[in-house]
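A.B. asks: Each chain, letter by letter, is given below.
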Amino acid sequence: MIIVKPYHTFDHTADLGLVIIGPSEASLFANAALAVFDIITDLARVETRETRRVSVEGDGREDLLVNFLREVLYLYNGERWLLKELRVLRISEKGLEAEARGEPFDVQKHEICKEIKAVTYHQAQVRQTPAGWTARVIFDV
Amino acid sequence: MSDFKLRRIDEYRWEVPREGAMRVPGIIYSSGRLMKAMGQDESPKQVANVAQLPGIVKCSLAMPDMHWGYGFPIGGVAAFDMNGGIVSPGGVGYDINCGCRLMMTNLGQEEIRPHLAKVVNTLFQHVPSGVGSKGALKLPRNEEKRVLVEGARWAVKNGYGSQGDLESMEDGGCLPGADPEAVSERALERGKDQVGTLGSGNHFLEVEVVEKIFDRDVAAVLGIEEGQVAVMIHSGSRGLGHQVCDDYLAKLVKHVDKLGLNLPDRQLACAYIQSPEGQQYLSAMACAANYAWTNRQMLMHWTGEALERALGMSPRALGMRLVYDVCHNIAKIEEHVVDGKKMLLCVHRKGATRAFPPGHPALPDKYRKTGQPVLIPGDMGTGSYVLVGTQKAMEETFGSTCHGAGRVMSRAAAMKASRGRSISREMEDRGVLVMAAAKGTLAEEMPEAYKDIDEVVNVVHGAGLSRKVAKLRAIACIKG
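Respectively, the protein sequence lines represent chains G and D.
Yeah, the first sequence ends on 141 if you go by our numbering, and it's all consecutive.
Yeah, the second sequence ends on 480 if you go by our numbering, and it's all consecutive.
Hints were generated in silico from the structure; no laboratory data involved.
Computed from a predicted model, the values in this text were never measured in an experiment.
Errors might be hidden in some of the hints.
Keeping only pairs whose Cα atoms sit at most 27 Å apart, straight-line, the calculated DSS-like set for lysine-lysine is [said to hold, decoys possible]:
| hint | chain 1 | residue 1 | chain 2 | residue 2 |
| --- | --- | --- | --- | --- |
| 1 | D | K36 | D | K58 |
| 2 | D | K192 | D | K134 |
| 3 | G | K114 | D | K138 |
| 4 | D | K192 | G | K114 |
| 5 | D | K254 | D | K45 |
| 6 | G | K109 | D | K58 |
| 7 | G | K114 | D | K134 |
| 8 | D | K45 | D | K58 |
Using the sequences and the hints given, assemble the complete structure.
C.D. replies: Here's what the structure looks like:
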């Protein structure tokens with residue numbers, strides 16, 4: 001089976017831009033979370049030993065995406081926890097609830113490839129297209 | 001590609017003419033060659049966007065190291081009237097009080113050369129660096145809050161450095177008005193074990209040699225001699241500063257909607273300086289700024305220990321002393337003269353350095369005659385410049401100048417260009433020993449990814465925004 005990553009990076013002079021796709025809005029958000037951790041670490045070495053709840057509110061889809069990624073990033077930046085899977089339980093323009101599975105960072109077991117320091121509002125975009133959903137977001141690295 | 005029509009004013013200045021919702025024009029300091037690269041990205045548009053913010057005074061400025069940021073351009077300077085003006089977390093940046101400090105030593109380069117590998121190894125082991133690096137200290141909450149209020153004074157009080165260091169820092173290493181209650185639990189959590197760590201990305205610790213002196217008299221006052229070994233540290237407020245910026249961006253994006261302010265980019269979210277929201281951000285920003293000064297003070301202390309150990313020298317023989325410490329991501333309340341009138345302003349410097357002239361009351365006595373030392377790091381392994389502030393900077397740029405080389409190539413493009421090459425070997429061939437915590441960092445930070453530091457510095461020197469004092473060449477570099 002060929003695995004096609006549901007995201008690609010784009011050039012931004014100082015930082016990291018991501019374009020994410022998904023067949024549904026829920027999968028778009030899940031793919032965005034996975035993209036972040038695929039860049040931070042080698043996901044093959046992360047196991048799904050623990051479950052964490054992610055719950056965010058937003059004022060429109062872009063705001064919701066930025067707030068969601070902010071929470072997802074805090075899992076590593078604040079709690080030293082690595083995400084391997086994410087399931088969106090409920091999503092609307094106003095809020096999102098999801099279940100993340102992964103495990104605490106262990107320096108013996110995991111590798112940190114890149115630090116993503118923050119998510120920005122700059123040119124953040126969430127769009128529905130004929131093929132599904134697509135989002136664009138720039139991170140501070 | 002920017003669709004902006006820029007009007008060249010003189011050799012070093014371009015105007016972004018006022019149009020649409022812009023309240024003031026934009027002015028970009030550059031050279032013809034650097035301008036070509038700048039026109040390629042969206043930074044001129046970002047200069048125009050900043051010009052739309054309420055209370056902006058005179059013009060929206062950009063330095064020759066300008067490049068595309070988010071919200072404000074990197075290399076941007078903007079001043080806002082304390083009455084009716086705004087403060088913007090995005091105008092300060094995520095890494096609040098990211099900055100540089102330069103230390104001189106008694107060592108001549110011939111004394112360190114034979115031991116350079118040992119020096120680099122010891123520095124690498126002794127000074128925490130790299131992704132998510134943790135310090136040798138874990139601060140209990142009450143102690144961490146003291147760091148936020150006292151800044152570098154906390155470090156000195158706890159045995160990291162001496163009282164004399166404090167006067168060689170902007171604001172004595174402590175911004176007033178810091179209130180830890182304005183800092184979230186999340187920010188405190190991220191800050192508890194990172195004080196005294198270099199971090200990753202473009203942060204570094206570099207061993208340098210003074211290669212050239214441009215101004216003998218000023219260099220003598222600054223204690224800089226040709227052939228001497230110096231150390232430059234570039235780091236900021238780590239996860240704590242990022243969290244403070246993030247928390248207040250989220251808060252102020254909502255606040256801006258409530259105010260009904262129509263902004264061209266949500267990343268420009270802001271609050272009126274005099275509003276409770278604006279004051280609260282400034283209190284939190286001061287906390288992060290103080291954390292950064294403590295961080296650099298401890299990094300300096302451990303650098304000294306590492307050098308002493310590697311070279312088998314006493315502190316007295318090494319004679320490491322702080323020349324100056326500058327911040328280049330900050331908002332400061334300062335007095336400036338605008339159209340012949342004294343005004344109190346909130347000056348945002350995002351990737352720009354303060355450059356106060358001789359005689360300015362904010363300078364310590366020892367630098368009153370020379371003007372404020374300005375530290376400009378180049379790209380990895382190139383070296384740095386020391387300049388001093390001027391009256392012209394005071395008149396034209398709210399006492400500001402550039403902050404570094406400025407990126408010209410994206411990180412992804414740099415990774416691509418470095419494929420199949422050994423950047424550390426190339427650096428070694430150039431006489432620079434490099435050690436990095438993550439292998440990707442070297443490629444992303446390779447010299448071609450940055451503008452030519454000589455050209456950037458020649459623009460600010462030529463435009464009179466600061467004066468060249470000395471150039472330093474790197475001989476070793478520790479990257480996070």
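A.B. asks: It remains to establish, for every hint, whether it holds in the given structure.
C.D. replies: Hint-by-hint comparison with the structure:
At most 27 Å may separate the alpha-carbon atoms for a hinted pair to count; K36 (chain D) and K58 (chain D) meet this at roughly 25 Å. Between K192 (chain D) and K134 (chain D) the CA atoms are separated by roughly 9 Å; this keeps the pair inside 27 Å, and the hint holds. For the suggested pair K114 (chain G) and K138 (chain D), the alpha carbons sit about 24 Å apart, so the restraint of at most 27 Å is met. For a cut-off of 27 Å, the pair hint linking K192 (chain D) to K114 (chain G) stands: about 21 Å separates their Cα positions.
A distance of roughly 24 Å separates the Cα atoms of K254 (chain D) and K45 (chain D); the hinted pair therefore holds under the 27 Å criterion. Our distance criterion of 27 Å between C-alpha atoms is broken by K109 (chain G) and K58 (chain D), whose separation comes to about 55 Å. The straight-line distance between the Cα atoms of K114 (chain G) and K134 (chain D) is roughly 16 Å, inside the 27 Å bound, and the hint therefore holds. The straight-line distance between the Cα atoms of K45 (chain D) and K58 (chain D) is roughly 18 Å, inside the 27 Å bound, and the hint therefore holds.
In this structure, only the earlier hint numbered 6 is contradicted, and the remaining ones agree with it.
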